[in-house]
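Please model the entire structure based on the sequences and the hints provided.
Chain by chain, the residues run as shown.
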Amino acid sequence: MKTSICLSLVLAGLSSLALAQDLNPEQQHGKQVFDKWCAPCHGTEVVASELLGMGALPLPGTAALGVKYKGDLPAVLEERTDLQAIYIRTVVRNGLFGMPISRKTEVSDSDLDAIIAYLTRPR
Amino acid sequence: MQRRTTLKLGLGASLLSSLPLSGLAGQKTSGAEQLQVLVNRQYTEAGHLADAMLSRNIAVQDISGDLGSLWYRSIKPQMESKPAVLFGMTDTIDLFCLEELARDFGMQTRFRLDHIIHSNGRVEHVPADGLNLADIRQLLPASPGFGAKADELSALALQYHHQPVLHYKKSGPFQRPDNTTLVTWLIS
Amino acid sequence: MALPPNVSEAEFANALSEFTSAVGSDWVFSSDEDIALYRDSYSVYWGEEEERIASAAVAPANVEQVQQVVRIANRYRIPVYPISTGRNLTYGGAAPTLSGSVVIDLKRMNRVLEVDDKRHFALVEPGVSYFDLYDYIHERGLKVMLDIPDPGWGSPMGNSLDHGVGYTFGPYRDHFGSHIGLEIVTAEGEIIRTGMGAVPGSDSWQDYHYGAGPSIEGLFAQSNFGIVTKMGVKLMPMPEAYLSGYVFVPRYQDLQGLIEEVSYLEDSYLVGMPMYGSPVGGPFMNAPANVRALMENGWPSMSQLESFVSSQGLPAWSVKLQFYGPEETVRANWTAAQRRFAAAIPGATFEAGEFLTLPIPDEAIPSLPDKVRFGIPNLEIFHLVARNPMTDADPPDGHADLFTMIPRKAEAVWDSARMMVEAYRDLGVPPVHSPFATPLTYYSRALVMPTLLPSWRNAAKNERSRNLYMHILDKAAENGWATYRTAPAFQDHAISKYSFNDSALLRFQEKLKDSIDPNGIISPGRYGIWPANMRNNRG
Chain L
1 MKTSICLSLV LAGLSSLALA QDLNPEQQHG KQVFDKWCAP CHGTEVVASE LLGMGALPLP
61 GTAALGVKYK GDLPAVLEER TDLQAIYIRT VVRNGLFGMP ISRKTEVSDS DLDAIIAYLT
121 RPR
Chain A
1 MQRRTTLKLG LGASLLSSLP LSGLAGQKTS GAEQLQVLVN RQYTEAGHLA DAMLSRNIAV
61 QDISGDLGSL WYRSIKPQME SKPAVLFGMT DTIDLFCLEE LARDFGMQTR FRLDHIIHSN
121 GRVEHVPADG LNLADIRQLL PASPGFGAKA DELSALALQY HHQPVLHYKK SGPFQRPDNT
181 TLVTWLIS
Chain X
1 MALPPNVSEA EFANALSEFT SAVGSDWVFS SDEDIALYRD SYSVYWGEEE ERIASAAVAP
61 ANVEQVQQVV RIANRYRIPV YPISTGRNLT YGGAAPTLSG SVVIDLKRMN RVLEVDDKRH
121 FALVEPGVSY FDLYDYIHER GLKVMLDIPD PGWGSPMGNS LDHGVGYTFG PYRDHFGSHI
181 GLEIVTAEGE IIRTGMGAVP GSDSWQDYHY GAGPSIEGLF AQSNFGIVTK MGVKLMPMPE
241 AYLSGYVFVP RYQDLQGLIE EVSYLEDSYL VGMPMYGSPV GGPFMNAPAN VRALMENGWP
301 SMSQLESFVS SQGLPAWSVK LQFYGPEETV RANWTAAQRR FAAAIPGATF EAGEFLTLPI
361 PDEAIPSLPD KVRFGIPNLE IFHLVARNPM TDADPPDGHA DLFTMIPRKA EAVWDSARMM
421 VEAYRDLGVP PVHSPFATPL TYYSRALVMP TLLPSWRNAA KNERSRNLYM HILDKAAENG
481 WATYRTAPAF QDHAISKYSF NDSALLRFQE KLKDSIDPNG IISPGRYGIW PANMRNNRG
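Protein chains in written order, with the working numbering: chain L, 1 to 123; chain A, 1 to 188; chain X, 1 to 539.
Be a bit skeptical, because a hint or two may be false.
[What the hints assert, rightly or not] Derived lysine-lysine pairs resembling DSS-like cross-links, with alpha carbons at most 30 Å apart:
1) L/K68 with A/K76
2) L/K70 with L/K36
3) A/K76 with X/K461
4) X/K409 with X/K475
5) X/K143 with X/K118
6) L/K36 with X/K143
7) X/K320 with X/K143
8) L/K70 with X/K461
9) A/K76 with L/K70
Just so you know, the hints here were simulated from the structure itself, not pulled from any lab data. Given the structure is predicted, the values throughout are model-derived calculations rather than measurements.
Right, here's the structure in full:
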């Protein structure tokens with residue numbers, strides 16, 4: 001169990017290193033904003049909860065998208081290659097189901113542009 | 001053409017007392033579902049489709065202004081009371097948004113036909129992978145004005161209402177500088 | 001365009017222009033698109049006339065700008081509504097109590113001013129989130145542990161000022177109870193510091209709470225007497241270790257003995273948050289069919305419940321005890337707890353939980369379950385509202401929480417669970433409680449019988465949720481129970497239940513309000529306190 005945690009962390013560390021090198025400054029800023037504001041729900045960790053009576057599940061946003069797409073599209077936002085700016089902007093500014101609205105004092109317009117640049121970068 | 005930056009989810013619209021859902025009698029599909037036709041009237045060909053359907057007394061909703069508001073105030077409530085089949089002609093970014101919104105209700109694209117309008121006026125009609133539309137060239141001219149062939153298009157699309165969903169490549173194509181890509185689709 | 005009540009378009013335009021001079025044009029939000037960002041995402045009135053909608057929002061950068069904004073608002077008699085991080089979901093979010101208010105968005109005031117890990121306190125501004133404070137502490141290797149609510153993007157100040165709660169050691173779970181020292185901007189734009197902060201040059205503002213004379217801090221929580229701009233927070237020293245253990249009791253009636261022993265441990269400051277459960281009753285708010293069948297012909301009798309329990313071969317109740325401290329003491333406290341439970345409740349059994357040294361190593365944090373136990377901010381609670389296979393056909397758009405406060409008695413647990421079942425059935429909603437419903441223990445000296453009702457972006461569905469919410473408030477009051485916290489949509493109704501002596505408490509608060517905020521500009525109506533010129537708004 002401990003070995004597999006270490007291995008996956010090493011791999012995650014390697015992939016994020018590679019990622020940082022591939023990103024332009026706006027995309028890097030976008031990644032930072034994403035990590036702060038989005039990753040706590042849309043990240044890749046798998047966590048159990050005794051409090052909520054749940055076995056190991058992806059984080060709430062990833063879990064919700066997994067149920068929505070049922071494997072047809074990646075549940076992890078950072079793995080999508082087809083996202084469109086207008087849709088990202090709409091969801092962030094209007095909320096969607098349990099995801100609340102984000103204000104400009106939290107995620108400014110330029111922060112949002114940067115998140116979009118990061119998530120929609122050509123790959 | 002001004003691109004919208006967000007799909008406005010209608011603060012202003014929501015503050016008004018709820019508008020009557022006018023003229024959505026629409027066309028019934030072969031099942032019990034309500035057909036809802038959505039077009040982006042910013043595009044000439046989509047406008048032709050809209051006009052052709054309106055002339056047949058089929059209600060059409062224009063999504064070029066406030067797609068999000070229309071979705072939440074009109075389309076979604078209709079679907080909650082009665083299952084709907086969505087059909088229309090928009091650009092591919094509109095389709096992406098509609099697919100995401102419709103997917104929240106378990107609906108997916110079952111028919112997709114891209115219309116690549118080149119700057120010299122030539123039109124290519126490209127069915128999505130998985131659609132065998134050998135007769136498409138007979139149905140639709142490879143030139144401006146094809147949008148008026150609404151009867152043919154909607155009849156064709158409706159055949160796919162109960163077909164398996166399309167697993168076409170969703171990563172595009174999106175707007176390219178040398179052409180305009182419109183798309184006719186059916187989501188159910 | 002929404003306007004503040006009794007303010008003309010021209011006056012409002014002038015006020016906006018003055019706000020702009022005070023904070024800069026980037027930080028005055030008055031377009032429809034920008035105002036929409038201040039809607040309550042979990043509103044139970046979404047899209048309806050009663051939805052609380054701001055007329056504008058202003059985001060000051062510092063205390064001086066807050067003072068200017070308040071003075072401008074006073075001149076124009078424009079109601080304002082301060083928010084800290086504005087993430088008070090289920091309790092109103094960023095939206096004001098009164099439509100037409102100008103939201104004062106304090107998110108930009110986000111400095112952690114000080115954290116001391118020898119005297120164990122922090123001093124924060126409103127816009128600091130739990131994530132921010134945790135990062136500050138973590139980056140500097142400071143040896144203190146936070147007590148946090150579920151969503152990490154909330155504000156230590158804002159959460160405390162709404163009587164929010166957490167998960168670790170008793171005194172720290174009461175977030176307002178563990179604040180120490182406030183700085184406040186009054187309705188007239190003056191600055192007050194409470195406690196030792198009122199002594200110029202004091203260096204003990206976060207050491208001694210009371211100062212001298214009557215303390216006024218309570219007036220600024222769940223109310224509208226001023227705008228808090230700095231708050232001290234008492235912090236727990238980072239414990240050396242954590243240990244958990246489970247106590248199981250066999251009989252339905254053993255719940256009373258269980259609660260008594262847990263109360264002994266909590267009130268003696270020997271345990272952290274106790275977590276009650278029911279092995280035979282199943283997961284809370286999702287009881288299995290055989291448990292629900294017990295309620296089919298009315299509430300089961302005690303003997304029926306005891307028969308059911310003994311037929312299942314499972315303990316009726318359990319509690320998870322959590323200990324924080326040096327290894328020697330947590331192990332000793334668990335040993336002592338077992339001895340006491342064994343003596344008090346025949347047939348009690350025990351199971352060891354976890355032993356962890358603290359702080360949790362960085363590499364173990366991402367997959368750590370229930371991070372709130374260790375003050376590690378996260379958003380994992382959103383599983384409650386995120387789409388899942390059971391809700392996939394119709395996921396909610398949010399929820400409204402309703403915590404009914406009850407005393408630490410088994411009788412109250414059972415009676416309040418029964419009340420919930422009856423309330424749901426009265427309105428034709430399948431109940432989510434059962435005779436095995438377990439209480440929550442956020443406040444260490446009380447219990448909570450909770451429920452949460454879905455909120456929607458759909459008026460018909462919201463109406464059903466609202467009606468049930470109000471009905472539960474009514475039934476609870478018939479039993480002498482009330483809620484501790486609620487959204488603006490329910491505040492008047494909830495406060496009306498605190499009606500002792502012809503609502504003497506509220507009448508006293510109203511007198512204070514009229515004196516402290518004569519123009520009634522700060523958050524009119526928050527927790528039922530309306531300024532004199534709006535008192536007929538109450539409803």
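Checked hints:
no.	hint	in the structure
1	L/K68 with A/K76	holds, 17 Å
2	L/K70 with L/K36	holds, 27 Å
3	A/K76 with X/K461	holds, 14 Å
4	X/K409 with X/K475	holds, 19 Å
5	X/K143 with X/K118	holds, 8 Å
6	L/K36 with X/K143	holds, 23 Å
7	X/K320 with X/K143	holds, 26 Å
8	L/K70 with X/K461	holds, 27 Å
9	A/K76 with L/K70	holds, 21 Å
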